[in-house]
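Listed below, chain by chain, are the residues.
2 protein chains.
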Amino acid sequence: MKRREFLRAAGAGLAASAVATPAIAQSMPELKWRLTASWPKSLDTLFGACEDFSKRVAESTDNKFQIQIFAAGEVVPGLQVLDAVQNGTVEMGHTAAYYFWGKDPSFAFATAIPFGLNARQQDAWQLRAGGFELLDPLFADFGCYGIPMGNTCAQMGGWFRKEIKTVADLKGLKFRIGGFAGNVIKRLGVVPQSIAPSDIYPALEKGALDAVEWIGPYDDEKLGFYKVAKYYYYPGWWEGGAHAHLLINRSKWNGLSKSYQSIITAAAREAGVGMTARYDYLNPPAMKRLIAKGTQLRPFSAEILEASFKAANDVYADMGKRNARFKKILDSIMAFHRESYSWWQVCELPFDSFQVRMLRRT
Amino acid sequence: MKRREFLRAAGAGLAASAVATPAIAQSMPELKWRLTASWPKSLDTLFGACEDFSKRVAESTDNKFQIQIFAAGEVVPGLQVLDAVQNGTVEMGHTAAYYFWGKDPSFAFATAIPFGLNARQQDAWQLRAGGFELLDPLFADFGCYGIPMGNTCAQMGGWFRKEIKTVADLKGLKFRIGGFAGNVIKRLGVVPQSIAPSDIYPALEKGALDAVEWIGPYDDEKLGFYKVAKYYYYPGWWEGGAHAHLLINRSKWNGLSKSYQSIITAAAREAGVGMTARYDYLNPPAMKRLIAKGTQLRPFSAEILEASFKAANDVYADMGKRNARFKKILDSIMAFHRESYSWWQVCELPFDSFQVRMLRRT
Chain A
1 MKRREFLRAA
11 GAGLAASAVA
21 TPAIAQSMPE
31 LKWRLTASWP
41 KSLDTLFGAC
51 EDFSKRVAES
61 TDNKFQIQIF
71 AAGEVVPGLQ
81 VLDAVQNGTV
91 EMGHTAAYYF
101 WGKDPSFAFA
111 TAIPFGLNAR
121 QQDAWQLRAG
131 GFELLDPLFA
141 DFGCYGIPMG
151 NTCAQMGGWF
161 RKEIKTVADL
171 KGLKFRIGGF
181 AGNVIKRLGV
191 VPQSIAPSDI
201 YPALEKGALD
211 AVEWIGPYDD
221 EKLGFYKVAK
231 YYYYPGWWEG
241 GAHAHLLINR
251 SKWNGLSKSY
261 QSIITAAARE
271 AGVGMTARYD
281 YLNPPAMKRL
291 IAKGTQLRPF
301 SAEILEASFK
311 AANDVYADMG
321 KRNARFKKIL
331 DSIMAFHRES
341 YSWWQVCELP
351 FDSFQVRMLR
361 RT
Chain B
363 MKRREFLRAA
373 GAGLAASAVA
383 TPAIAQSMPE
393 LKWRLTASWP
403 KSLDTLFGAC
413 EDFSKRVAES
423 TDNKFQIQIF
433 AAGEVVPGLQ
443 VLDAVQNGTV
453 EMGHTAAYYF
463 WGKDPSFAFA
473 TAIPFGLNAR
483 QQDAWQLRAG
493 GFELLDPLFA
503 DFGCYGIPMG
513 NTCAQMGGWF
523 RKEIKTVADL
533 KGLKFRIGGF
543 AGNVIKRLGV
553 VPQSIAPSDI
563 YPALEKGALD
573 AVEWIGPYDD
583 EKLGFYKVAK
593 YYYYPGWWEG
603 GAHAHLLINR
613 SKWNGLSKSY
623 QSIITAAARE
633 AGVGMTARYD
643 YLNPPAMKRL
653 IAKGTQLRPF
663 SAEILEASFK
673 AANDVYADMG
683 KRNARFKKIL
693 DSIMAFHRES
703 YSWWQVCELP
713 FDSFQVRMLR
723 RT
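Protein chains in written order, with the working numbering: chain A, 1 to 362; chain B, 363 to 724.
So here's chain A without its partners, still in its complex pose:
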C-alpha cells in the first residue's frame, strides 16, 4: 500500500506506461526464443504440445517471453534437434531423446525402453523416483536441460505388409522402428531402420520397408500407412509410455530468472498433460476409422513377445557391462518397474479389466 502511494507520487507527471522497476525488468525481460520440433505440423498431438507450451509461457508473462515454434525441417531436420539445441542454433527443441541413443545409450531411458514403464509410471519415475536426477547429468553432457513434456501412452506395434506369426517370420524384415528398440529387434533377425516421420510413407510405398511403426492410430492415420500395409499389430512393447522431452540450451536456461524457469517448467508439464490427454481423446475414434478402412488388428503372438522380452534383457545385460551410467539408470528404472507393477496388478489392472469385460457384454 505504502509502496503504491509512493508510486503514484513518484510517477506523477511521467508517461506512466514507460516506467518499470529494475527488479521487474530483470525477472521479466522481453525474450524471443525459437523452438525446433522433431515433428511435422500435421502431427497436432506432438506439435500441438509445443504450441500449447508457447501460448502458456506468453500468457504467463504478459507476452514478454515469446517462443516461436518450427516444424521438423524448417530450421533443422527432425533427427537433429539435440545438436541444434546443444550448438545454440535454437534455444529449445521438442523431441524424443531416444533418437540420440547412438550418442549415448542412456538417452533411451528418458523416452522409453522395451518392456519398460507405462505412461504414468514414466511420470512417477521421472518426477518422484529419481529419474529426473539421473537423467539431468546426461542432458548436461550434451549442453541441454531436459524437461519431460508429453507422453504418447502405449503405442501400437506398427504396420506390416504381411502377417507375422512366429519369430521366423521376422527374419530379414526391413522395419522402421524408433529409438533404442532397433537394438533389441535386430537380435530376432529384423533389419531396423531409423527414419524421420515425413520420410517413412514413401519408403514403405516403394517397398524399401516391409513394416513401420510410428505411434498409434491418430498419428499413423495422418501419415497414411494403412494405405500400403494392412496388418496393424499390438502392443508396441518397445514403448509402453514414451515421453517426449523439451530440451533447452543449458547456458540459456541458466541465464533465465528463477521466475522464467518456473513458468517454463510449469508450462512444459501442463503441455505434457495436454498432449497425453489429446492422444487419449483422439486415438479411439481414429482406431475406429482405420478399421472401417480395412485395417486388420493383430496381436503379437506369445512366441514373438517372449522372444522379444528375452532379447531386450540380453541387450540390457550386455550394455550394462560396457556402460556404468546405463547400468545405474537401468537398475533404478527396473527396481521401480518391479515395484510399480506389483501394485498395478492389484488395483489398476483389475479395474480396467472389469470395465473392458462389461464393455464387451453390452
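A couple of the hints might just be wrong.
[What the hints assert, rightly or not] Here are the computed lysine to aspartate or glutamate pairs in the DMTMM-like style, where the Cα-Cα straight-line distance is at most 20 Å:
| # | chain 1 | residue 1 | chain 2 | residue 2 |
| --- | --- | --- | --- | --- |
| 1 | A | K288 | B | D406 |
| 2 | A | K230 | A | E205 |
| 3 | A | K328 | A | E133 |
| 4 | A | K293 | B | E701 |
| 5 | B | K620 | A | E51 |
| 6 | B | K417 | B | D406 |
| 7 | A | K258 | B | D466 |
| 8 | A | K258 | A | D104 |
| 9 | B | K620 | A | D62 |
Worth flagging that the hints you see were computed from the coordinates, not collected in a lab. Owing to the predicted nature of the structure, the values given are computational and were not obtained by experimental measurement.
Let chain A serve as the given structure and place chain B on it in line with the hints.
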C-alpha cells in the same frame, strides 16, 4: 528497445526500485490468498499437491502472489470447503467435488462415478472431450471456478472387519464411503456413511463402522485402518480415477489479471501431475508394508462387482430422469467411456497385462 531507452531517460533521478508501470502493476500485484484443504497435513499426497501449487505460483511471480495453505479444520472442516470458497471465507480450496453431490448430483462427475473413467481418461474427458466445459457452469452456480488438480488413480475397495463374499454379506454393513457411491451401494443393503478422514479411524475402532474406504495403501496406512480391519478389498470400483479439484471463488478469479490466471492454471495442472506421480511412487511400497503387517488382500467377487455395476446403472437412469444436467453430463462421460475402453483394450491393457505376466514369472 526504444521503450527501454525512454525508460532510462524518464527514470533518471528517481528511486528506481519504487517505480513500476501501471501495466505491470496491474498484472503482477502483490496478493496474499488463503487456500483451505479437505485434508489433514499428514496426507502429504493431497496436502502436498496444495503446497507444490502454492510454491509454483510464488516462484512464477517473484513471490508477489502468496497462497497460504490450511489443513482441514484450521479454517473450516474438511467437508465445508465448497461453502468457504463460495462465501469468500477463503479465496481457494482443494477438495473432492463429489463430497457435494447432495447440493447437486452432477458434482460427482468432477471427481469420479462408480464404474466411470480411470485417471488418464478422466484427464482426457475434462481437458479434451468437453468435460471442463460441462462442469464449468455447475461450479459457477456455486460461485466457484474449478480446475482439476491431481488424481488419486484407481483406489482400493476399503477395509472390512469380516470377509464379504456375496451380496448377502453386505446387508446392514455400516460402510464409510466417499461421495456419490453411497447412493449406489445402499441399493445392495449397505448403510453408507460420509465422514471426513480424521474422524474415520475412531469410528472404525469403536465399532460404529464395519468397514471404511479412503484411498489406497499409502494414505490408508497413515490413517491406521489396518490396525482394526484385516481384509483389504480391491478394486474400488466407485473411483477408478478420482480427480481432486482446486476451487477458486469465481469473482476473485474474474478479478485476476490474465497472466495470474494463466500462472494458476499451469501451476494447478502441474501440481496435479505431481500428486498423481506421488501416489504412483508411494503406493507400491506402502502395499508391501501393509501386507507385512498382516493385511489380507481380497478381490471383490464377480457377484458383488456385477450387482454393483447393475445398481450403478439403475441409479444413473433414475437420476437422469429427474435431472437434465445430470443426464447431459452422464451421456458425455459414458460416450467417452465406451470409446476410450474400446481402444484401451487394444493397447494399454495388453501391454500392462504382459508386463504383469512376466513379473509373476520372475
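Note to self: Let me make sure I understand: some of the numbered hints might not hold for this structure. Which ones are they, in numerical order?
What the structure shows: Checked against the structure, the hints that fail are numbers 1, 7 and 8, while the rest are satisfied.
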